[in-house]
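Asks: Given the coordinates of chain S, work out where chain V should sit on it, guided by the hints.
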Amino acid sequence: MKPHRRKRLAIILFIAAGLSVGIGLTLYALRQNLNMFFTPSQVAAGEFPPGREIRIGGMVKEGSVLHADDSLEVRFVATDYASDVPIHYQGILPDLFREGQGIVVEGQVDRAGVLQASRVLAKHDENYMSPEVKAALDAAHVERPGYGQVSEGVPDGT
Amino acid sequence: MVPEFGQFALILAFCLSLILATLPTIGAARGNLLWMNFARPLSAGIFVFLALCMVILGYAFVTDDFSVQFVAAHSNTLLPLQYKITAIWGGHEGSFLFWTFMLSFWMLMVSIFSRSMPIDFVARVLGVLGFLAAGYILFMIATSNPFDRVVPLAPQDGSDLNSALQDFAFIIHPPTLYMGYVGFSVVFAFAIAALLSGRLDAAWARWSRPWANIAWVWLTGGLALGSWWAYYELGWGGWWAWDPVENPPLITWLLGTALMHSLAVTEKRGVFKSWTVLLAILAFAGSLLGTFITRSGLLTSVHAFASDPTRGVFILGFIGLTVGGSLVLYALRAPLIRNESTFAAVSREVLLLVNNILLVVAAASVLLGTLFPMVYQAITDDLISIGPPYFNAIIVPLAVVLAVALGIGPVCRWKSTSLGYLCSQLTRVAIASLVLGVLVPLLVTLEFSLSVSIGMVLAFWLFLTIGRDVVNRVLSKPDRWQALRTLPASYLGMQLAHFGLAVMIVGVCLTANFSMEKSVLLAAGQSIDLGNYDFQFNGTRPITGPNYIGDEATIVVNHNGKFMRELHPEKRIYVASNSPSTEMAIDAGLFRDLFVTLGEGRNGGAAWSMTLYIKPFIRWVWMGAILMGIGGITAALDKRYRKLRARDQRLREAGESLSPKPQTV
Chain S
1057 MKPHRRKRLA
1067 IILFIAAGLS
1077 VGIGLTLYAL
1087 RQNLNMFFTP
1097 SQVAAGEFPP
1107 GREIRIGGMV
1117 KEGSVLHADD
1127 SLEVRFVATD
1137 YASDVPIHYQ
1147 GILPDLFREG
1157 QGIVVEGQVD
1167 RAGVLQASRV
1177 LAKHDENYMS
1187 PEVKAALDAA
1197 HVERPGYGQV
1207 SEGVPDGT
Chain V
30 MVPEFGQFAL
40 ILAFCLSLIL
50 ATLPTIGAAR
60 GNLLWMNFAR
70 PLSAGIFVFL
80 ALCMVILGYA
90 FVTDDFSVQF
100 VAAHSNTLLP
110 LQYKITAIWG
120 GHEGSFLFWT
130 FMLSFWMLMV
140 SIFSRSMPID
150 FVARVLGVLG
160 FLAAGYILFM
170 IATSNPFDRV
180 VPLAPQDGSD
190 LNSALQDFAF
200 IIHPPTLYMG
210 YVGFSVVFAF
220 AIAALLSGRL
230 DAAWARWSRP
240 WANIAWVWLT
250 GGLALGSWWA
260 YYELGWGGWW
270 AWDPVENPPL
280 ITWLLGTALM
290 HSLAVTEKRG
300 VFKSWTVLLA
310 ILAFAGSLLG
320 TFITRSGLLT
330 SVHAFASDPT
340 RGVFILGFIG
350 LTVGGSLVLY
360 ALRAPLIRNE
370 STFAAVSREV
380 LLLVNNILLV
390 VAAASVLLGT
400 LFPMVYQAIT
410 DDLISIGPPY
420 FNAIIVPLAV
430 VLAVALGIGP
440 VCRWKSTSLG
450 YLCSQLTRVA
460 IASLVLGVLV
470 PLLVTLEFSL
480 SVSIGMVLAF
490 WLFLTIGRDV
500 VNRVLSKPDR
510 WQALRTLPAS
520 YLGMQLAHFG
530 LAVMIVGVCL
540 TANFSMEKSV
550 LLAAGQSIDL
560 GNYDFQFNGT
570 RPITGPNYIG
580 DEATIVVNHN
590 GKFMRELHPE
600 KRIYVASNSP
610 STEMAIDAGL
620 FRDLFVTLGE
630 GRNGGAAWSM
640 TLYIKPFIRW
650 VWMGAILMGI
660 GGITAALDKR
670 YRKLRARDQR
680 LREAGESLSP
690 KPQTV
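Residue numbers (this note's numbering), protein chains in the order written: chain S, 1057 to 1214; chain V, 30 to 694.
One chain only, chain S, in its complex shape (with noise of 0.2 Å):
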């Protein structure tokens, strides 16, 4: 082989290995940190990998919110209007979580059939709703009551 071809081939075979070792490690963290979504129906139904933390969308019950008097504890029903699941959380609720209001929430059912959140998001915009909620509820069949946009409770201009 030419000492130029040489050259090239070495050149083409570092950006192949670097490429394919990105690729590589790509696809393995995608594996690991996949969030499925469910929507409340699913969930009560028990369609969802057990043990895996998942994200469901839905609208908070009325009247279910339950706080603990002396700790961030609190307690509430997140429900499509066909299904209804009971959510734990230990933490601030975002600025936007109002009972009726779209959330995304996301967490690991525990074997009560408890959904033990790790991150709840709430809505920021009236007039957009979040694709998760929206299609929580379509699959419920059910007209929407209110809208919302997930969001950790903020909005931006960019």
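Hint data in this document are derived by calculation from the structure and do not stem from the laboratory.
Hints may be right or wrong, so weigh each one.
[Unchecked claim] Distance condition first, Cα-Cα at most 30 Å in a straight line; then the derived DSSO-like pairs of lysine-lysine:
(1) Lys668(V) <-> Lys297(V)
(2) Lys1058(S) <-> Lys297(V)
(3) Lys672(V) <-> Lys297(V)
(4) Lys591(V) <-> Lys444(V)
(5) Lys547(V) <-> Lys1117(S)
(6) Lys297(V) <-> Lys1063(S)
(7) Lys444(V) <-> Lys297(V)
(8) Lys444(V) <-> Lys547(V)
(9) Lys444(V) <-> Lys1058(S)
(10) Lys1063(S) <-> Lys547(V)
(11) Lys547(V) <-> Lys591(V)
Replies: Below, chain V alone, put in the same frame as chain S:
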């Protein structure tokens, strides 16, 4: 009546950009000097009319003209004046106008600071930018006109600017970010002009470099400001959240960083040419993708504007047209590009190649993680999301390899370097950074942590290799003081930016590993310990602002039992929109930030939930970004560009005049 003038100015700007997109470019192809000379005045004209649009929209905000839809949706009579003006970029339509105005500003700058470039090149560059401007303005007129009226009845009052946007950082973050984003269109236009003219030489790279540097500086600033804003206003408690709309500027930044390095190789050594052009196209595509993601509403994000699908379709079509078109042009022209020199397996070229590969892989993985949920949904109809752990798992190892290579690169020589020379230069530095990086955190915290050690070893590795290289340069000269003062600006800028990266690594590493936080419910008078600090909650008092009401808490912070200061976090309700907002209280310091956010009052306000944070070294993240920015500006101001520009100009004048003047170089 006034908003209609804005409409009119917008249409005029559109017509001028259509002419700019065609006439000078055709002129350049045919060698028609008159047509080419239209490029500069047309650019100035577009700038003037878009500036007029900005002034008119600003006037509508300041005078509370709620008959304009955009004003009614993003302002309110109670809104303080500075936010009325900046509300121009507080929503989709206005921010798009602002974006296009920025583009016309860059065009004006190109037309002013391009005296030394041949006129056909300038005509092509401005022609490409004119095409982009025409596309953006058409998009505005067709789908998102900021001057649209509310008919038939204008509302009495506006529905107010989103409360999270009523903040100082909002005044400066979007303009800075847009300047950076749009700046990469200029570098893109240079690349396309070079492809069109078939002159992909060192001169093209030299012309592009200062522009790429300046665009990169703005983008760096925009990202840093966005990160700082998210930290203190949005209360995410961190400096980066891997939000789908945070990611596209980062992708553009990674590609832009790769582009700057690759341009250096192209200019100095005449290699990597076609790769550099491809990077310029990709960085521009990254900036367009950012627009698409923000405005199409396809991704769920804090930033996403409420939007309709026609906008997404239009932007996607525009991306297809510009990026697709330029890639076709690239495919046609790239085989003609010849590299001018060769290099050995151990050389600065190879290390810069490593830099480019790592940065592009990083950009591609961030892009994948950002778009994957969307693609997955399209294929399987299942909704998924990808969390920060994915991005961290990818970026951290890449950054580690990048930092190692970065230490070696500047010490390496162009073309070929012997391994023996590298070892003689770097062995002691490597050992020193290993020892320091492991020992320093061990002695301070008295416990060993692998991730802290890796981060600190890398930081010391960068600090020491930079020091080593500067010392090398100075010691080899007889007059050391003179040598230090005459180091070229581009060299100083490079080392300053690399130093900034090292500072940032310290910040990222220590914040990630040593941050503490606690969410608690406290009654007035109760206190809680966190680290060496004691936070005592002393109740709240009601407050009234210009357009909000709220509660302000008093929290007394004691450090090791001694009074340190009071913190006053707030919970506000913005009256017009009835939306709550949390104002953090931060005690900022060089080595740690204390950070308190208020949750909600319980039992009639007798007790409040709140989150307390200690964030060590978080300021170093932004200090690093500031150093990078200063480095970028320093490098762009290198005398070399001006000298060579003067030479280019003299050569051209000599070539153009019929009787060449004698040259004095």
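Asks: Look at each hint and say if it fits the structure.
Replies: Hints, one by one, checked against the model:
Restraint check for Lys668(V) and Lys297(V): satisfied, since their Cα atoms lie roughly 16 Å apart, inside the 30 Å limit. Between Lys1058(S) and Lys297(V), the direct Cα distance comes to roughly 26 Å. Compliance with the 30 Å bound is thereby established for this hinted pair. Restraint check for Lys672(V) and Lys297(V): satisfied, since their Cα atoms lie roughly 16 Å apart, inside the 30 Å limit. Between the alpha carbons of Lys591(V) and Lys444(V) the distance comes to roughly 61 Å, so the proposed pair goes past 30 Å and is violated.
A distance of roughly 28 Å separates the Cα atoms of Lys547(V) and Lys1117(S); the hinted pair therefore holds under the 30 Å criterion. Between Lys297(V) and Lys1063(S) the alpha-carbon distance is near 21 Å, which keeps this suggested pair within the 30 Å criterion. Between the alpha carbons of Lys444(V) and Lys297(V) the distance comes to roughly 11 Å, so the proposed pair stays at or under 30 Å and holds. Pair hint Lys444(V) plus Lys547(V) does not hold up; C-alpha atoms about 55 Å apart against a cutoff of 30 Å.
Between the alpha carbons of Lys444(V) and Lys1058(S) the distance comes to roughly 19 Å, so the proposed pair stays at or under 30 Å and holds. Of the pairs offered as hints, the one joining Lys1063(S) and Lys547(V) is violated, with about 56 Å between alpha carbons and a cut-off of 30 Å exceeded. Restraint check: the Cα-Cα separation between Lys547(V) and Lys591(V) comes to about 21 Å, which is no more than 30 Å; the hinted pair holds.
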